[in-house]
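Participant: Chain by chain, the residues:
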Amino acid sequence: MTTPAFEAVPEAPQIAEASLAEPGAWKRMPKKVWVGCGIVLLYLLVALLAPVIAPYDPLAIEPANRLASPDMAHLLGTDELGRDIFSRLLYAARVDIPIGFLGALLPAILGTMLGAIAGYFGRWVDTAIMRTADVVQAFPAYILVIVLVFALGQGAGSIILAFTVLAWVIYARIIRGEVLRVRDRDYVQAARVAGLRKMRILRVHVFPNVINQTLVYLPNDIVFATLALAAFSFLGLGIPPPTPEWGAMIAEGQPFLRTNWWFATVPGLVIVGLGLGLSLIGEGLEEGLRA
Amino acid sequence: MNEHLLEVADLKITLPAGGATITPVDGVSLSLGRGEALGIAGESGSGKTLTLKSIIGLLPPGAFVEGDLRFALGDQAPIPYAATDVHGRGISIIFQEPMTALNPTMRVGDLIAEGPRIHEGLGKGAARERAVELMRRVGIPAPERRARMWPHQLSGGLRQRVMIATALSTRPKLLLCDEPTTALDVSIQDQILGLLQEIRTTLGMSIIFVSHDLAVLGELCERLAIMYAGQVVETGPTEAVFSSPNHPYTEALMTSVPSFDATSDKLAGIEGHPPDPRSFPPGCRFAPRCRYAQDDCAEAQFRLVPTSAERSTGCIHTEVFAGRER
Amino acid sequence: MLFGIVLVVFLVLQITPGDPARQIAGLRASEADLEEVRQELGLNDPVIAQYGRYVGNLLQGDLGYSYKSRKPVADIIGDRISVTVWLLTTGVLMTLLISVPLGVVAALRKDRVADHAIRGFGLLGLSMPAFWTGVILLLLVALPTGWFPAGGFGDTFGEKLRAIFLPALTLAIGSSPFIIRGLRAAMISVMESDYISTARSVGVAGGRLVRRFVLRNAAGPGVTLLAIEIGYLLFGAVVIETTFALPGVGQGLVIAAQGRDLPSVQGYTLLFALVVVAVYLLSDVVTAMLDPRVEIDT
Numbered sequence: 003m004t005t006p007a008f009e010a011v012p013e014a015p016q017i018a019e020a021s022l023a024e025p026g027a028w029k030r031m032p033k034k035v036w037v038g039c040g041i042v043l044l045y046l047l048v049a050l051l052a053p054v055i056a057p058y059d060p061l062a063i064e065p066a067n068r069l070a071s072p073d074m075a076h077l078l079g080t081d082e083l084g085r086d087i088f089s090r091l092l093y094a095a096r097v098d099i100p101i102g103f104l105g106a107l108l109p110a111i112l113g114t115m116l117g118a119i120a121g122y123f124g125r126w127v128d129t130a131i132m133r134t135a136d137v138v139q140a141f142p143a144y145i146l147v148i149v150l151v152f153a154l155g156q157g158a159g160s161i162i163l164a165f166t167v168l169a170w171v172i173y174a175r176i177i178r179g180e181v182l183r184v185r186d187r188d189y190v191q192a193a194r195v196a197g198l199r200k201m202r203i204l205r206v207h208v209f210p211n212v213i214n215q216t217l218v219y220l221p222n223d224i225v226f227a228t229l230a231l232a233a234f235s236f237l238g239l240g241i242p243p244p245t246p247e248w249g250a251m252i253a254e255g256q257p258f259l260r261t262n263w264w265f266a267t268v269p270g271l272v273i274v275g276l277g278l279g280l281s282l283i284g285e286g287l288e289e290g291l292r293a
Numbered sequence: 060m061n062e063h064l065l066e067v068a069d070l071k072i073t074l075p076a077g078g079a080t081i082t083p084v085d086g087v088s089l090s091l092g093r094g095e096a097l098g099i100a101g102e103s104g105s106g107k108t109l110t111l112k113s114i115i116g117l118l119p120p121g122a123f124v125e126g127d128l129r130f131a132l133g134d135q136a137p138i139p140y141a142a143t144d145v146h147g148r149g150i151s152i153i154f155q156e157p158m159t160a161l162n163p164t165m166r167v168g169d170l171i172a173e174g175p176r177i178h179e180g181l182g183k184g185a186a187r188e189r190a191v192e193l194m195r196r197v198g199i200p201a202p203e204r205r206a207r208m209w210p211h212q213l214s215g216g217l218r219q220r221v222m223i224a225t226a227l228s229t230r231p232k233l234l235l236c237d238e239p240t241t242a243l244d245v246s247i248q249d250q251i252l253g254l255l256q257e258i259r260t261t262l263g264m265s266i267i268f269v270s271h272d273l274a275v276l277g278e279l280c281e282r283l284a285i286m287y288a289g290q291v292v293e294t295g296p297t298e299a300v301f302s303s304p305n306h307p308y309t310e311a312l313m314t315s316v317p318s319f320d321a322t323s324d325k326l327a328g329i330e331g332h333p334p335d336p337r338s339f340p341p342g343c344r345f346a347p348r349c350r351y352a353q354d355d356c357a358e359a360q361f362r363l364v365p366t367s368a369e370r371s372t373g374c375i376h377t378e379v380f381a382g383r384e385r
Numbered sequence: 219m220l221f222g223i224v225l226v227v228f229l230v231l232q233i234t235p236g237d238p239a240r241q242i243a244g245l246r247a248s249e250a251d252l253e254e255v256r257q258e259l260g261l262n263d264p265v266i267a268q269y270g271r272y273v274g275n276l277l278q279g280d281l282g283y284s285y286k287s288r289k290p291v292a293d294i295i296g297d298r299i300s301v302t303v304w305l306l307t308t309g310v311l312m313t314l315l316i317s318v319p320l321g322v323v324a325a326l327r328k329d330r331v332a333d334h335a336i337r338g339f340g341l342l343g344l345s346m347p348a349f350w351t352g353v354i355l356l357l358l359v360a361l362p363t364g365w366f367p368a369g370g371f372g373d374t375f376g377e378k379l380r381a382i383f384l385p386a387l388t389l390a391i392g393s394s395p396f397i398i399r400g401l402r403a404a405m406i407s408v409m410e411s412d413y414i415s416t417a418r419s420v421g422v423a424g425g426r427l428v429r430r431f432v433l434r435n436a437a438g439p440g441v442t443l444l445a446i447e448i449g450y451l452l453f454g455a456v457v458i459e460t461t462f463a464l465p466g467v468g469q470g471l472v473i474a475a476q477g478r479d480l481p482s483v484q485g486y487t488l489l490f491a492l493v494v495v496a497v498y499l500l501s502d503v504v505t506a507m508l509d510p511r512v513e514i515d516t
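Chains as they are written, first to last, in our numbering: chain A, 3 to 293; chain B, 60 to 385; chain C, 219 to 516.
Isolated chain A, as found in the complex (with noise of 0.2 Å):
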């Protein structure tokens, strides 16, 4: 009754009412979603053919032809080593997208198995969980994944360790919660009655039910982790040279902004594309699953 209302956080995860799983589904979901979905099935589609649409090879140096201007045979000019910026930038592709998207996909799969185990098992094993989650939550985030690189090592490996290290935590509360909601219900209160294993309980009656919530954050969160990416190598911390990288093209780009502005802005219109088509997604989805 005197609950202060800030203890609900304005953002708190809504509850997805309605399933995908239910017949129609997709068909009630907003607009933007496929809007959204056109833009990332265009970016997945460049990282897959990137060696035939791109004109040149990305680490083929040109020192004769370093920072020239775009014209018909480099679209967007070469950069410091005389390297074809446009093939770098779909080059790139093939680094950023399955990176940010692992990057997000194994903390929701890690943090959604450990949630519902939590949420479903309870007791001791829920609280060893939820400790953990706990403290991992106390650290800044992205700090850490700055000391944990450093200690890995630079690469595309550390950097998705340290994503799945630090990201599941969210996937978890927010699955502990509806497994806890859904636990109770009669149907599953029925399927215990019929002597239903429990790890079956689990996954034919808990996990459709609470597969929605992870699929409403998952979008965004590949943008966080796709944006991470981008900074991390920005700062030389991320994918080492000479692998083409969006971020590190924008680091490689900036000193030439006064004659060469096109090198560093244009991949960062690359990622600004790729996270709105992702937020699309993710946004939409909310919607068509909340009304």
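Because the hints were derived from the structure by calculation, they are not lab data. Every value quoted in this text rests on a predicted model; they were computed, and no experiment measured them. Keep in mind that the hints are not guaranteed to be accurate.
[Claimed, not checked] Derived pair list, reagent style DSSO-like, types lysine-lysine, alpha-carbon separation capped at 27 Å:
id	chain 1	residue 1	chain 2	residue 2
1	A	K33	C	K328
2	B	K71	C	K328
3	C	K328	A	K34
[As the list claims (entries may be wrong)] Restraint ranges, calculated between C-beta atoms of paired labels, are given here:
id	chain 1	residue 1	chain 2	residue 2	range
4	A	M74	C	A496	56 to 62 Å
5	A	P32	C	L225	46 to 52 Å
6	C	V503	A	P72	52 to 58 Å
7	C	F221	B	E203	47 to 53 Å
8	B	E203	C	G424	48 to 54 Å
9	A	L77	C	L225	51 to 57 Å
10	C	L379	B	W209	36 to 42 Å
Built from N, CA and C at the ideal position, the CB exists for glycine as well.
Knowing the structure of chain A, use the given hints to seat chains B and C on it.
Facilitator: Then chains B and C, alone, in the frame of chain A:
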């Protein structure tokens, strides 16, 4: 001076509900004289609270109101008005939940003082004095001290008194009461009802009191309007309605009075549930639950028909009540 | 909690590959020299003993010595911290300046054009990497006008303000979408509550209603949200200081990490963790001040 204070004609409220629209209030007509107390009775979902809120213009966003609402701000006949015309200037409202109706981040004295500060241009000090005076008027002990307290520091009864003081602070002609005693303990309920009765007679205010509790309405109101599924199904003087109901729903409400469960807001005496506003039954909306229902009940167009100078009913088979004077 | 953080940071950095002694003594150092450095730093002691000594030194304000400059880490941080404090305070002020009016407008005009526009810009803002926003501001504002330095900090108050303006704006652009979104949601839920109806029924309207009733009650969630944002703000400081060549602790962390300067990385990380813990505590106190229902229990 014109005798009428408020006139509501053919009020219809539509609300968006998950893609579709519903009409939880469908063709309600009411009138209220100066100094009169009208009771509106009905189960939850009957549209009684929405009717009340539409009178003071506090409907949720998205609500669409049709019909004619008139109120007499001065001594003349009632005229059409906008919500902002009557806010703080003629109509006040008291809500059901004294827990949530008071701003949690404002000292209660300051809350009561808001109206006088805005409408009478009182300074901080003068408005504070007025607030204390009003608090004393509604029977709050040690008002000087309590004026500086936060809502959460007061008991439910005191909070409802603060709510009443807030409502009175703008000297209204009409006080709307939305089940103001339902959330309170029984002993406190009687005190608040007594206070409302006393205020009404000394200040000469009109009251519309909404409740599902006929006993409460009987204590306070001269006239009753019974609502079911968004329509007024019977009106008349309280005593006449009590002694000889002219609608089966009124009768059912009355027989269920003793076993009325205030917390669940459900009628013990009647089978079934109130209809879903997304699909009201055709004809008489009470027919599916009515023990006197006949075949033509589902066909006849609903109409509130006068049976005497002061009474009307929506039932087309009033003959079943003939000669059953109690 | 703080000791838990110290322990985790210490342990994580224990697994760091590379020989600190080699780093300090240089590539040409002999094995004997290396052994001497190890003795000096106590690297041959058991991990527990090293940890005990580390915590002991910490309590006396000793964060160890940088492998690179050989200066005390505490001094290095001390030299850099004022820039970051400038950046964060200006950035938070600008965030509030941007997000409070926009959040209020979006909530009041819910589902109308203004609301949709603000939410659209929010999505865009969320998708923009902070360092890129900084680069764009440099390109579109700093270079053409010449009003703002492209990097570095100043000495006088005016110079500092000028140097910090664009970085703080970058920080604000990145963090505002969260705050706008949260404030909008908080205001909408407040506006649906009964006490707003009460206020309107006695004639409170317009700015008075928003200030005295709506914002006053939405402020608590707003502060909590801002506190939750501190993690992002700190990382934003790291990225933005690097973009604008500001000599703050964020840039310091990046330089230390690039140079594999373990004691410095350790020191900076602890500092950031300390700030987060302090901000959470502070936000509890502030929300308690804003909400009379909450008593501060310590």
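Participant: All hints, please: hold or fail.
Facilitator: Hints versus structure:
{"no.": "1", "hint": "A:K33 to C:K328", "result": "holds (20 Å)"}
{"no.": "2", "hint": "B:K71 to C:K328", "result": "holds (25 Å)"}
{"no.": "3", "hint": "C:K328 to A:K34", "result": "holds (19 Å)"}
{"no.": "4", "hint": "A:M74 to C:A496: 56 to 62 Å", "result": "holds (57 Å)"}
{"no.": "5", "hint": "A:P32 to C:L225: 46 to 52 Å", "result": "holds (47 Å)"}
{"no.": "6", "hint": "C:V503 to A:P72: 52 to 58 Å", "result": "holds (55 Å)"}
{"no.": "7", "hint": "C:F221 to B:E203: 47 to 53 Å", "result": "holds (50 Å)"}
{"no.": "8", "hint": "B:E203 to C:G424: 48 to 54 Å", "result": "violated (31 Å)"}
{"no.": "9", "hint": "A:L77 to C:L225: 51 to 57 Å", "result": "holds (52 Å)"}
{"no.": "10", "hint": "C:L379 to B:W209: 36 to 42 Å", "result": "holds (41 Å)"}
Hint 8 from the list above is the single one not met by this structure.
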